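J.: Next come the chains, spelled out residue by residue.
2 protein chains.
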Amino acid sequence: MDFRVDKKRKSKFIYQQVYEGLREKILKGQVHAHEKLPSKRELADQLLVSLNTITNAYEQLQTEGYIYTVERKGYYIENIDHIIGIEKGIHNKLPKDLKEKATDDKDGWLSLSHMTSDLSIFPFNEWLKCQQKAIKNHIKELSELAHPQGPYQVRKTISKMIGLTRGVTCEAEQIVISAGTQLLVSQLMELQNQDSVIAVENPGYLRFYSLLKKMGFKVKPIPLDEKGIEIEKVISSGASFLFVTPSHQFPTGIIMPVSRRIELLNWAVESGDRYIVEDDYDSEFKYETDSIPSLQSLDRNNRVIYTGTFSKTLFPGIRISYMVLPPKLLKEYRKQSANWMQNSNSMALYTLHYFIESGAYGKHIKRMSHHYEHKRKLLIKQLKKRFKTNIEIVDIPAGLHFQVSFKTKKTYEEILDKATQVKLEIYSMTRFMLKDKMKENDKVDMILGFASIKEEDIEEAVDRLYQCV
Amino acid sequence: MDFRVDKKRKSKFIYQQVYEGLREKILKGQVHAHEKLPSKRELADQLLVSLNTITNAYEQLQTEGYIYTVERKGYYIENIDHIIGIEKGIHNKLPKDLKEKATDDKDGWLSLSHMTSDLSIFPFNEWLKCQQKAIKNHIKELSELAHPQGPYQVRKTISKMIGLTRGVTCEAEQIVISAGTQLLVSQLMELQNQDSVIAVENPGYLRFYSLLKKMGFKVKPIPLDEKGIEIEKVISSGASFLFVTPSHQFPTGIIMPVSRRIELLNWAVESGDRYIVEDDYDSEFKYETDSIPSLQSLDRNNRVIYTGTFSKTLFPGIRISYMVLPPKLLKEYRKQSANWMQNSNSMALYTLHYFIESGAYGKHIKRMSHHYEHKRKLLIKQLKKRFKTNIEIVDIPAGLHFQVSFKTKKTYEEILDKATQVKLEIYSMTRFMLKDKMKENDKVDMILGFASIKEEDIEEAVDRLYQCV
Numbered sequence: 008m009d010f011r012v013d014k015k016r017k018s019k020f021i022y023q024q025v026y027e028g029l030r031e032k033i034l035k036g037q038v039h040a041h042e043k044l045p046s047k048r049e050l051a052d053q054l055l056v057s058l059n060t061i062t063n064a065y066e067q068l069q070t071e072g073y074i075y076t077v078e079r080k081g082y083y084i085e086n087i088d089h090i091i092g093i094e095k096g097i098h099n100k101l102p103k104d105l106k107e108k109a110t111d112d113k114d115g116w117l118s119l120s121h122m123t124s125d126l127s128i129f130p131f132n133e134w135l136k137c138q139q140k141a142i143k144n145h146i147k148e149l150s151e152l153a154h155p156q157g158p159y160q161v162r163k164t165i166s167k168m169i170g171l172t173r174g175v176t177c178e179a180e181q182i183v184i185s186a187g188t189q190l191l192v193s194q195l196m197e198l199q200n201q202d203s204v205i206a207v208e209n210p211g212y213l214r215f216y217s218l219l220k221k222m223g224f225k226v227k228p229i230p231l232d233e234k235g236i237e238i239e240k241v242i243s244s245g246a247s248f249l250f251v252t253p254s255h256q257f258p259t260g261i262i263m264p265v266s267r268r269i270e271l272l273n274w275a276v277e278s279g280d281r282y283i284v285e286d287d288y289d290s291e292f293k294y295e296t297d298s299i300p301s302l303q304s305l306d307r308n309n310r311v312i313y314t315g316t317f318s319k320t321l322f323p324g325i326r327i328s329y330m331v332l333p334p335k336l337l338k339e340y341r342k343q344s345a346n347w348m349q350n351s352n353s354m355a356l357y358t359l360h361y362f363i364e365s366g367a368y369g370k371h372i373k374r375m376s377h378h379y380e381h382k383r384k385l386l387i388k389q390l391k392k393r394f395k396t397n398i399e400i401v402d403i404p405a406g407l408h409f410q411v412s413f414k415t416k417k418t419y420e421e422i423l424d425k426a427t428q429v430k431l432e433i434y435s436m437t438r439f440m441l442k443d444k445m446k447e448n449d450k451v452d453m454i455l456g457f458a459s460i461k462e463e464d465i466e467e468a469v470d471r472l473y474q475c476v
Numbered sequence: 008m009d010f011r012v013d014k015k016r017k018s019k020f021i022y023q024q025v026y027e028g029l030r031e032k033i034l035k036g037q038v039h040a041h042e043k044l045p046s047k048r049e050l051a052d053q054l055l056v057s058l059n060t061i062t063n064a065y066e067q068l069q070t071e072g073y074i075y076t077v078e079r080k081g082y083y084i085e086n087i088d089h090i091i092g093i094e095k096g097i098h099n100k101l102p103k104d105l106k107e108k109a110t111d112d113k114d115g116w117l118s119l120s121h122m123t124s125d126l127s128i129f130p131f132n133e134w135l136k137c138q139q140k141a142i143k144n145h146i147k148e149l150s151e152l153a154h155p156q157g158p159y160q161v162r163k164t165i166s167k168m169i170g171l172t173r174g175v176t177c178e179a180e181q182i183v184i185s186a187g188t189q190l191l192v193s194q195l196m197e198l199q200n201q202d203s204v205i206a207v208e209n210p211g212y213l214r215f216y217s218l219l220k221k222m223g224f225k226v227k228p229i230p231l232d233e234k235g236i237e238i239e240k241v242i243s244s245g246a247s248f249l250f251v252t253p254s255h256q257f258p259t260g261i262i263m264p265v266s267r268r269i270e271l272l273n274w275a276v277e278s279g280d281r282y283i284v285e286d287d288y289d290s291e292f293k294y295e296t297d298s299i300p301s302l303q304s305l306d307r308n309n310r311v312i313y314t315g316t317f318s319k320t321l322f323p324g325i326r327i328s329y330m331v332l333p334p335k336l337l338k339e340y341r342k343q344s345a346n347w348m349q350n351s352n353s354m355a356l357y358t359l360h361y362f363i364e365s366g367a368y369g370k371h372i373k374r375m376s377h378h379y380e381h382k383r384k385l386l387i388k389q390l391k392k393r394f395k396t397n398i399e400i401v402d403i404p405a406g407l408h409f410q411v412s413f414k415t416k417k418t419y420e421e422i423l424d425k426a427t428q429v430k431l432e433i434y435s436m437t438r439f440m441l442k443d444k445m446k447e448n449d450k451v452d453m454i455l456g457f458a459s460i461k462e463e464d465i466e467e468a469v470d471r472l473y474q475c476v
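Protein sequence lines, in the order shown, are assigned to chains A and B. Okay, so the first sequence: first residue is 8 according to our numbering, each after it adds one. Okay, so the second sequence: first residue is 8 according to our numbering, each after it adds one.
Here chain A stands alone, though its shape is the one from the complex (with noise of 0.2 Å):
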């Protein structure tokens, strides 16, 4: 056995550069099958090591299948084929068109994204003490897995809660816990017909009608009026499940008017297998007058599916989101739900259980309330003086963004690129758009999102999107 150990190297027993060694010969092909290895006592020897040191490498190499031992006799190289590529060494070179950058060299840029929320007044301190409770009792809980809903407990507590903010008549049974809307969509409508056709609102939430279209889905996307996901079009689409967001329309902000939602809950209930799902995703915040109840509270057939999330409440990284199941679809989930698993941290999901009950929950969603309608009006006022006259603001008084219209000769990709130069986070209206808006009238439509941006960066931010627009 032709090799060496080096003592003196830290990084790695002698056991393991002799297991090392001998398993890089054999790999290589460099000693053939069934011949005898040379005994631990002269191996030992030979290299000057302990004879303990090479019992651990053979018994290494022998769990793995590398020798075999014969009673009496002593150890043999197993037989076992050249690994095709061998010689070629480490494998795993990523080509360059694959490469990351480290980090983001976000470093100086300012962000009107709707995708954020603001941590900057989140009470850290109070979220933490909810979690030692977690942990604390509920330690038996946290070592298993938990239900595929979610853990009871959790269920009942946002079951309460969005009775009251909310309306929603339901029962803890009747929630779905997940790590995202998306995965609640997905395993909503796995239930379904494949044959069905689904309706969503265009401008939309765009990642909906791709997940909806790679399920097999036909997916028809409906224009909205000024009260919303247009009726008359949604009833010509032969849908049988349609996708709108009442509260406050993503992303135009459109409240949608009981009238309009009457419409809709009285169109689904003309056949025994359509379903509204409501996305009910920013309806925390209502500035000036209350929030809107939801339309799962109007619903008296069993029809709307409403679906919630701590996405913008909390923040995007918690991944909870929660869907309220009519029994019928309860029924059909039940049957399937063995083959899920929960997929939202269990311990966020106890630390927000804690956080709800004690009321940090809804303190901190009343002080954001607060923090949001101030930056909301900063960057409106801001807005209105640069650009003057050459802007239209949707002023609907809820959310965490709204839709502006700027009088420009610009382009779209011409706004976006230079919005990059300028170092500012900006999402134009084509992006919620399954046909690019053509560009009418000298004007361009953009969503302007006002969680992330500080109150002291707002002004400079707007200055920027002047230079932009």
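Wrong hints could be hidden among the right ones.
A pair holds if it fits inside one copy or across any two, identical chains being indistinguishable in the list.
Below, simulated DSSO-like cross-link-like pairs (lysine-lysine); rule was C-alpha separation at most 27 Å, straight line [claimed, not checked]:
no., residue 1, residue 2
1, 342, 221
2, 163, 373
3, 461, 147
4, 338, 221
5, 80, 43
For the record, the hints were derived by calculation from the structure and aren't laboratory data. A quick note: this is a predicted structure, and the numbers were derived from the prediction, not measured.
Once you have looked at the hints, place chain B on chain A.
T.: This is chain B only, laid out in the frame that chain A set:
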């Protein structure tokens, strides 16, 4: 307007009572479309409340679209349809068969489940410290949506770690993090040709089997021999994808020797589109000898997709798993990933990053290895003592469970029924087999986990098991 307000009612503001009273009248059709409402002053006088109260109520009703205003004339009822079923009242009566018990009522139960982890000596303090670091250093990242594959920094840390502990060669770019191996497999397989044939182990992890079947793939269960999945049957299956658990076959515990590993790797290279998914679900726990390097570490042709999880080393509810994509599949993944969101809790991800980096994770695994090894030995000792010659233990010193065979004339059903009676959580081999294993030779196979059982409960658990068998 014949309705009253209760000024003493504390749970509802007076303006809310006015709002609700009017809303109910409108919804129930007790007032008619375009009917004029009393002026704010009139209604305030009538109800003996302030003008402000009525203003608030009217504004809320207007925002929601129940009433409209005509300048200088006053407020009018909107034209809204009758809600079909409004007279039914609350709609959501949950049928009794869908009711759950509020608590699991697991009092007095003992568990030999393979699905749990032991949190009794989990270093929560270290974990919380790392979490505080995560909050302090990553407030900006937490307020945004994470990279679909997970934060780069966390991927970097995982790639370094599995390089050291599992011999996996990869870059951070190749790592995809998600809230469970199931979600990863589902993303991975969405990239593949739907006509692909997929070979899986039988017995094996049936959740993958169901998932792949549901995705529309042809799934071929392949039996095992003493080296793991039978290579001849893999070859003849016509599969292009192969799912295996080489480090510790689930659930039998077989450690795949290097000869079979190489056969599988060479099988993959024979055709351009063959891949092996290596599910390394509990390889961190290997007793007596060192852990077995991953199959991926032997691969020289980018044909292995390595998957790992923190469900066993931390806890199942942490919901952090990852896969390592070969460059070609990474390229495919990137094309789709705009539609996917990161599903793991980002606070937990950054916490994990510091937990690994600080060495706390490594220390924890070492400590848990000793702890589990000790419990494992105790359980085996107790089983031998109690069952004597009526038990055969497949004693492979790895993982958090092992397989046993009992001599008994009882059926699986009888045993599991009895287990419920004596409050013992236990799983039989039938759970992991596609066809119910025929009862042969008066033997039953069970999978015994030792993660959650307390040391002092082992004797009692074995006693209960004895009663069942």
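J.: I want to check one pair: residue 163 and residue 373. Are their C-alpha atoms no more than 27 Å apart within a copy, between two copies, both, or neither?
T.: Only inside one copy: residue 163 and residue 373 sit 22 Å apart there, 38 Å across copies, limit 27 Å.
J.: Indicate which option fits the pair residue 342, residue 221 if close means a Cα-Cα distance not exceeding 27 Å: within, between, both or neither.
T.: both (23 Å within a copy, 14 Å between copies)
J.: Up to 27 Å between alpha-carbons, please classify residue 461 paired with residue 147: within, between, both or neither.
T.: Classified as between; 12 Å across copies, 42 Å inside a copy.
J.: First find the shortest C-alpha distance between residue 80 and residue 43 inside one copy, then the shortest across copies, and answer within, between, both or neither for a cut-off of 27 Å.
T.: Answer is within: at 9 Å inside a copy they meet the 27 Å cutoff, but 106 Å across does not.
J.: Is it within a copy, between copies, both, or neither that the alpha carbon of residue 338 lies no farther than 27 Å from that of residue 221?
T.: both (25 Å within a copy, 19 Å between copies)
Comparing the model with each numbered hint stated earlier shows that all of them hold.
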